[in-house]
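Enquirer: Residue-level listing of the chains:
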Amino acid sequence: MIRGVKGSLLAAVSLALVGCAATGKETASAGDKPAEKPVKFDKDPYPSTYKGYPTRLTVVKGVTIFDGEGGRIDNGSIVMTSGKVDRVGGPDMELPTDADVIDGAGKYLTPGVIDIHSHLGDYPSPSVDAHSDGNEATAPTTPEVWSEHSVWPQDPGFSRALANGGVTSLQILPGSANLMGGRSITLKNVPSRTVQGMKFPGAPYGLKMACGENPKRVYGGKGRMPSTRMGNFAVNRATWAKAAAYKKKMDDGKAVDRDLAMETLAGVLSGEILIHNHCYRADEMALVIDMSKEFGYKVSTFHHAVESYKIADILAKEGICSAMWADWWGFKMEAYDSVNENIPLVYKAGACTIVHSDDANQIQRLNQEAAKARAAGRRIGIDVSDEMAWTWLSYNPAKALGIADRTGSLKPGKMADVVLWNGNPFSAYTRPEKVWIDGALMFDANDPKRRPVSDFELGQPGEGDVK
Amino acid sequence: MMRALLLSAAALIALPAAAQDVAIVNAKLVIGDGSAPIEGGTVLVRGGKVVAAGAGVAVPAGAQRVDAAGRYVTPGIVAAFSRVGLTEVDAVSGTNDRSAPRTRFSAGLDIAPALNPMGSPVAVNRASGVTRAIVAPGSSSNLFAGQGAVVDLADDMDMVTKPRALQYVAFGEDGSAKAGGSRAATFLLFREQLLAARSYARNPATLAEWGNEAMIQRADADALVQVINGTTPLFVRVDRAADIVNVLKLRQEFPALKLVLVGVTEGWLVARELAAAKVPVLVSPLTDLPSSFEQLGATQSNAGRLKAAGVDVSVGVFDDDDAHKMGYATQYAGNLVGLARVPGASGMTWDQAFAAISSVPARAVGMEGSIGSLRPGRAGDVVIWDNDPLELGSRPTAVWIDGKAQSLTTRQDRLRDRYATPQEGALPKAYDR
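Taken in sequence, the protein lines are chains X and U. Using my numbering, the first residue of the first sequence is number 1, and each one after it goes up by one. Using my numbering, the first residue of the second sequence is number 1001, and each one after it goes up by one.
FYI, nobody ran anything at the bench for these hints, they're computed from the structure. All residues carry an ideal CB built from backbone N, CA and C; glycine is no exception. One should not assume that every hint holds.
Computed list of chain U residues with no C-beta within reach of chain X, every gap over 12 Å [as the list claims (entries may be wrong)]:
no. : residue
1   : Val-1057
2   : Ser-1099
3   : Arg-1102
4   : Ser-1141
5   : Lys-1162
6   : Ala-1184
7   : Ala-1214
8   : Pro-1255
9   : Ala-1345
10  : Glu-1391
11  : Ala-1398
12  : Arg-1414
Simulated crosslink set (BS3-like; lysine-lysine; CA at most 25 Å straight-line) [as the list claims (entries may be wrong)]:
no. : chain 1 : residue 1 : chain 2 : residue 2
13  : X       : Lys-107   : X       : Lys-411
14  : U       : Lys-1429  : X       : Lys-317
15  : X       : Lys-249   : X       : Lys-317
16  : X       : Lys-84    : X       : Lys-449
17  : X       : Lys-298   : X       : Lys-249
18  : U       : Lys-1429  : X       : Lys-332
With the rest of the complex left out, here is chain U:
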C-alpha cells in the first residue's frame, strides 16, 4: 500500500492538467476487490488517482462534487483479454491489425504502434463501461504471437498504459497448426525458441553464429528473454485438460515463467492442479459447447468451479468477440451470479463476479496496484451506472478515466439520432445538426 501511494504521488506530477479532482458521493459504492457494495459511499479522485473510497470520506474544498443519487459507482471494467484498438471492421483488412500471419517476426512484435485510440470500438466499449483492456496480438507466422499491452479507453491519443505487458502464445490445436501439425512439435518449438533466446542472452554473438539456422530473430529473442526471466507474463491459450497440465509443467525447465492461462475450457477438470500452481486464468465463461475436441468438457460452471477450487479467475468475452463487444463482460458476470441459483451448477456471488471483471484481471497482468479497483492509489477509472451493472441493459451515465470525465457519445448514437424518425428530410442529412 505504501509503495502504491508513493508511486501515485510520483505519477501525479506527470498527469495532464485536465484531470480534475472529483468526489462522487451518495453512491452504492463497489470497490471491485470482491468486497460488498457500500451504501452511501464516496469515492474521491485527485490528480487522476483514487485517494479514498468508502463510507464517511470527507469531500475536500475545491473538489467537484457529483451526487450519484444512490446509484452504483464502480471501478471501470477491465477487459480481461481482447483486441480492442487493433481493429475497426474485422473483414476490412486494412483496419485489422490483430494478426500478422506473413511477418518474419514473432515474439518481438509489439502491438503498441498498431493501436488506434480514435477507432469506434474504443468509444463503443468505453460507453459500455470498459475503461481498461488487456490487449494481445492474435497470431504471427510463428508460434509466439508477440507482445500485448494494457491500454486505457480514454478519449485521447495516448492509449498505452503499459507496453509489452504480456507475451502471447497459443498451445492446443492452434499452436499445433503453427508448429507443424502436432502438439509434440508445439512443445519442442516452444522449448527450442526459449533455449535459443537464453543462449542469446548469455552471448549475443551466438545468434550471428547460427546464421540462417537461427530459430528466432534478434527482436524475438529480446522479447523471449523477458519471458524466461519472468519480467513479461506469458499468456497461454490452452483448453484441453491434458494440455493445461503440460503447460503448467513448462515451469519445471523455465521456473521463472509467469504463466497466465487463457480460455481454459476444461480447466475445471484440473482445478486442483491449477490452484496448486497459483496460475491465474482468464475464461470466457459462457463457453459451454464442445466446439472442438479440445473443449469437450465445456460448461458454464467452469469459472465457478475454478473459483471454488481457489484459482484466480478473470472473466472475459474473447470466445464470442474480442474487440467490439467488451461490454458483454458485465452480462457474462451477471450470468455467473444467475448460475449460482441453478441446481448443480457453480457460479459466483455478485461481489466475486464484479471483481472478476475488474481487479482480478488487473492482478493477472501484474497491475493490481495501479488499476482495476477503487482502492487508494489506483487510477481514477470510475463509472456511475444507471442500474445494477451486472444486469442486462444497464449503462454508464458517467465515466472517468485517470480522473478525466469521458465522452459517452458514439458514432452509433449519432446514427440512432439521425434515424429516430426515418424519413426523407427537407434537407440532406449532412445538415441535421
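Okay, chain X solo, but in the shape it has when bound:
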C-alpha cells in the first residue's frame, strides 16, 4: 500500500552514502571554472542507537489474543524469546519448560498500541514556553526541520502512554502551523537518555504536511502568503515544482550544494519519505490527492480526517489511510462536520482505518477511543469485531508508518511489542497489566520498579506515583 517502504528501509538500515551519482564521477562544468563535485550526503546522520532492554524467555498462556491483523485466539498462548514473537497459538501449542510463565486467564493480549500522531517530546510536559518545540512557524514550508531534533526524551508523557495506554511505538510529528512542517520520527516508547536511543531502527522518515485553517491563519496573520486555502495550494505547488527540479538535478548528478529542504522533498518524490498530511475536510483531501498525482508522490495518511466518511470510497480506491479521533469536534470550523461514526464508516468502505491521539492525554487511552468508535459502528449496523477493531490500533498504523514488517501484529519473528490487559481492552474498566517492548518487560502494574520515572519528575511531588 505504501510505495517505497521497502526501499526506504534498506536505505536507512544500510546508512548508505547517497549521492546524485553513485559512481562518484565528476560532472563537467561550463567555461573555465573547476569541475564541481556532485553532492553526496549521509541519509541517516543521526542513526538509531536503540537496543532493546534485557529480555527473558516468556510465556503468557490461557489468554484471549487479538493478533493485530484481525485474528483472535481464545485460551491462547504466546512465546516470546530474544525480543521476538516466537509463536502464538491455541491451548494445544507446545510451550517451553524453562520460561517465565504468566497465567492470562480472564485477561487479553494484544500487540502494543502504535500512535501514528503524537507530539510527545516536541510539545512535552510541562508545557512551558521554553518547551514549545513543535512548530517552526517562521516560514510556511520548513521541510528542512526534523522533529527528532526537538524531542525531549524526558517528557513524562512517554511513560504515561506506556503504563496507561500500552503504547509501544509512536510517530512524533512537527505541528501543523506550516504547510510542510518538517520530518517526523518514529520511536520505540522506551526510556533513553537520547532520542537516538529511542529511534525505531530503520523506520522510514515521514514529512508532516497540513491543509486548511492552520497554515493560512498563521501566515495570513503575519500578513504573508498563504492567507487562503488557494494560497496554501499555490505555495505547496510552487515548492513541489522546485523539489521536482532539484530531484532531477540530483538524479542527473548536477546538484552540488546541500539543500536540506529539497533533500526531504526529493526523498518524498522518490518514495523513501512518507507523507503524513493533517487534513480535516473531504474536499481538501481530494485536492491534495490530485496535487500528489501532479507531482508524483503518494499520501500515506490523512491525519485528523474528520470528514473521511464523506469520501471513504475515494480513500479506499487511492489506498490512503485515515488517522482519526473517535469523537473530537467543534473546536474549529474544519472540525464542525465530525461524526461519531467516522472511523467505522471508513472501515466499512474498506479504507485503511487508524485511531490516533494528537494528544498527551488521549494517547493514554486509544483503546478506549477505538471502543467508542466500534460501538458507534455497531449502532448503525457495521459489524466490527473486537479483533478487527484492534487493527486500527496496531497493524494499520504500522503499515502507514512503513514498519508493519516488524511490528504491529503478533506474528512469529516480529518484535515482541506486546500488552497484557487486565480485562477486555475495549472496556473502560481495563488497564494494561504488563507491557513488553522487543520482549523486554517495560511496565508491570504489580511492580513499582517497572514504572519509569523521567528526570523531570525526580524529586517532585508524586514521584513514582501510580499516575
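Based on these hints, arrange chain U on the given structure of chain X.
Expert: Then chain U, alone, in the frame of chain X:
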C-alpha cells in the same frame, strides 16, 4: 425531604403542559445518590418531577408506561463544570461567548443571556446523556470571571435552571496573570475587591466617592456582595497544593464564603485539609501529566484519594474539553472504576463514580434537592441506556428532561445518514429526505 416535596408541588403548577406522566418500569434503576442499582425498578415522573423511584412502585392509571427491558435507567448526567451553551465553534469568535477579555466588567457578568439552547453542542451533549450542566464563564479582563448558571439541555428555548448560581475566579497561574504577575497580587486583589464590595453594601455612596479609583464597577460589587454573604457559591480554579491551602484560608476573613474548588490537581496532597474544610471539589479525573508547575503532583488517583479522605468529589471533563464532549463524563467515571483494580491506585466504586457525575455536582452547586438524582422531588431528568452507562460507547436510547421526552437526533446524525454510502447522487443532497 418535606420541603423538597412542597417545592415540587409548587413547581408543578408552573410546568408546561407538554410534561407527561411517565413510569419507566423493569429498569436496572440507578438513583444516583451512591446507592446500588435496583433490579426490576420503576421510576415514576409526574408533572415533570420524580415522585417515586425504587422496587415495587405502583404505576398509576393514566401514566405512560415505558418498559426498560432490564436496561440501566439513571438520572441524567450533570456536567460538573462546563461551557456548554456558550460556544458553537470555538475558533469562530462570533459563536464563542466563553470569555470577555475586553469588558470593563468582571464579577457582574451574567452568562444567562449568552446561552444558546439551539446550539449543536447542546443537542450532542444531550444525546450522550447529559441533561444538566453547571456553566461558568471563562474569564473577564479582571480577576473575577463573572456569574455562571445551572442549565438544562432540553430541546427548548428556556435553558436556565438557576441563574447566577455561582461566581467564578481562577487563582494559581491564571489568576496571577490577571492580577499583575504574582500570586501575591492575586490574593491582594481578591481581598481588596471583596472589601470594596462590602463597603459598597454598607453604604452605596462609597462607590461614587471613590470615582475613578474604585476597584470595581457597581454591577461587580452587587455580585460580590452575594459571594461575601454566601448566597452565591464561589467556584475557584486552583491546582497547586499550596494554593489550595491558601484559598481555604480565605474564609478566615470572609467566613461566609461558600467555596467550591475546581481542578484541584494536587488536592490529594492536602486531602485532609480539604475534608476538614468541608469544601466540595470538581475534578477532571484523568489529568495525570505535570502540564504546568502547579500540576506537578497530577495523578489519576486524585479523585479516589480525595473521596477516601471524605471530600465531596464531583467528576467533570473540563481539562480536555468544556463544551462539546460533556458525554466523556461517563467514560471518565468508568475509568475511576477501572482504577480501583490497579495495584496502588485509588478509584471509586461504580455507585460512587455514578454519583460523582450526577448528585454530587448537584450538591456542590447547592441544588441536590432539585436535580441530579431520582429521589422524589427532583427534576424528571431520566435516561434509559443501551448498556452500562459507564462503559465505552454506551448511549441513551431515551432521555427525559423535566419529564419531557427529548429528541436525541443531532446534526451529526444527519451528516452520518447522508454519507452512509458516500457517492455522487442522482439528485443534489438537498433532496435526500
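Enquirer: Checking the smallest CB distance to chain X, is U/Val-1057 really beyond 12 Å?
Expert: holds, 30 Å
Enquirer: Using Cβ atoms and 12 Å as the threshold, tell me whether U/Pro-1255 really stays out of contact range of chain X.
Expert: Since the minimum Cβ distance to chain X is about 30 Å, U/Pro-1255 lies beyond 12 Å and the statement holds.
Enquirer: Is U/Ala-1345 truly not at the interface, in the sense that its beta carbon sits beyond 12 Å from all beta carbons of chain X?
Expert: violated, 4 Å
Enquirer: Beyond 12 Å from every Cβ of chain X: is that where the Cβ of U/Glu-1391 lies?
Expert: Its Cβ does come within 12 Å of chain X, the nearest being 6 Å, so this is violated.
Enquirer: Can we trust that U/Arg-1102 is non-interface, i.e. its beta-carbon lies farther than 12 Å from all of chain X?
Expert: holds, 19 Å
Enquirer: Hey, X/Lys-249 versus X/Lys-317, does the alpha-carbon distance stay inside 25 Å?
Expert: With a Cα-Cα distance of about 33 Å, the restraint between X/Lys-249 and X/Lys-317 is violated, given a limit of 25 Å.
Enquirer: For X/Lys-84 and X/Lys-449, compute the direct alpha-carbon distance and say whether it is at most 25 Å.
Expert: The given pair, whose Cα atoms are some 23 Å apart, holds under the 25 Å limit.
Enquirer: Hey, does U/Lys-1162 actually stay past 12 Å from chain X on C-beta?
Expert: With a cut-off of 12 Å, U/Lys-1162 remains clear of chain X, as the shortest Cβ separation is near 26 Å.
Enquirer: Would the hint linking U/Lys-1429 and X/Lys-332 be met if the CA-CA limit is 25 Å?
Expert: Within the cut-off at roughly 24 Å; holds.
Enquirer: With the threshold set at 25 Å, check whether the alpha-carbon distance from X/Lys-107 to X/Lys-411 stays at or below it.
Expert: This hinted pair holds, its Cα atoms lying about 20 Å apart.
Enquirer: Within a Cα-Cα threshold of 25 Å, do U/Lys-1429 and X/Lys-317 meet the stated pairing?
Expert: The given pair, whose Cα atoms are some 23 Å apart, holds under the 25 Å limit.
Enquirer: Please settle this one: U/Ala-1214 was flagged as non-interface, so is its CB more than 12 Å from every CB on chain X?
Expert: Label holds. Min Cβ-Cβ 35 Å, cutoff 12 Å.
Violated hints, listed in ascending order, are 9, 10, 12, 15; each of the other numbered hints is respected by the structure.
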